[in-house]
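Take the sequences, apply the hints, and build the full model.
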Amino acid sequence: MAFDSSLFPPSFTRLIDVLAKLPTIGRKTAQRLAYHLVTSDRRLMSDISDALLAAKDSVKLCSVCYFLSDESECGICRAKNRERDVICVVEKPIDVVSIERSGRYKGVYHVLHGLWAPLRGQGEESMKLRELVGRVEKEKTKEVILALDATVEGDATSLYVAGELRKLGVTVTRLAFGLPRGGELEFADDLTLSHAFEGRKNIAL
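Each residue of the sequence shown is one higher than the one before, starting from 882 at the first, in our numbering.
Since the hints were derived computationally from the structure, they do not count as laboratory data.
EDC-like mimics (lysine to aspartate or glutamate), calculated; alpha carbons at most 16 Å apart, straight line:
1) K1082 <-> E1024
2) K1021 <-> E964
3) K1009 <-> E1045
The structure is reproduced here in structure tokens:
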């Protein structure tokens, strides 16, 4: 028998509804979070509210790679010690964090913010592909490493992006994932990612 949420006060139910809209947060988790928040010190609620608003107002996309930044360019793009002729392409900002944590990669990044999934109405315009193509042309890139999830959509996007980049004469490789089929990059451990970079291979079109 389903739990009747009408037993809760309307304001509490609204908080649950809002929390449940967040990725990976189901209804039960939202209820637990809501209970923790309303029974915690008011200062915590105030801190969370302030942090959310500050992040919303300050965080933007890097003008070069589209990673998160509070300046025009992110810290990675501003760093002087990065190998700028190698670009690692990922879907989400969190993927950049996962790769950086492994300590294996020393190049720069490009975040697509989407995947090529025509059946779901997500075409080329749903990701930062044109920006990537323009960047490769401008920066005389030698290699583009595709580090997308080991999923059907990740595979399709890799092939599509590789096809566009090959027209520019650039080397396009993909990570040799040690992930199970359907695995996501952000959940890969450091050793797996390190081996994936070492074993990357050219994409056959």
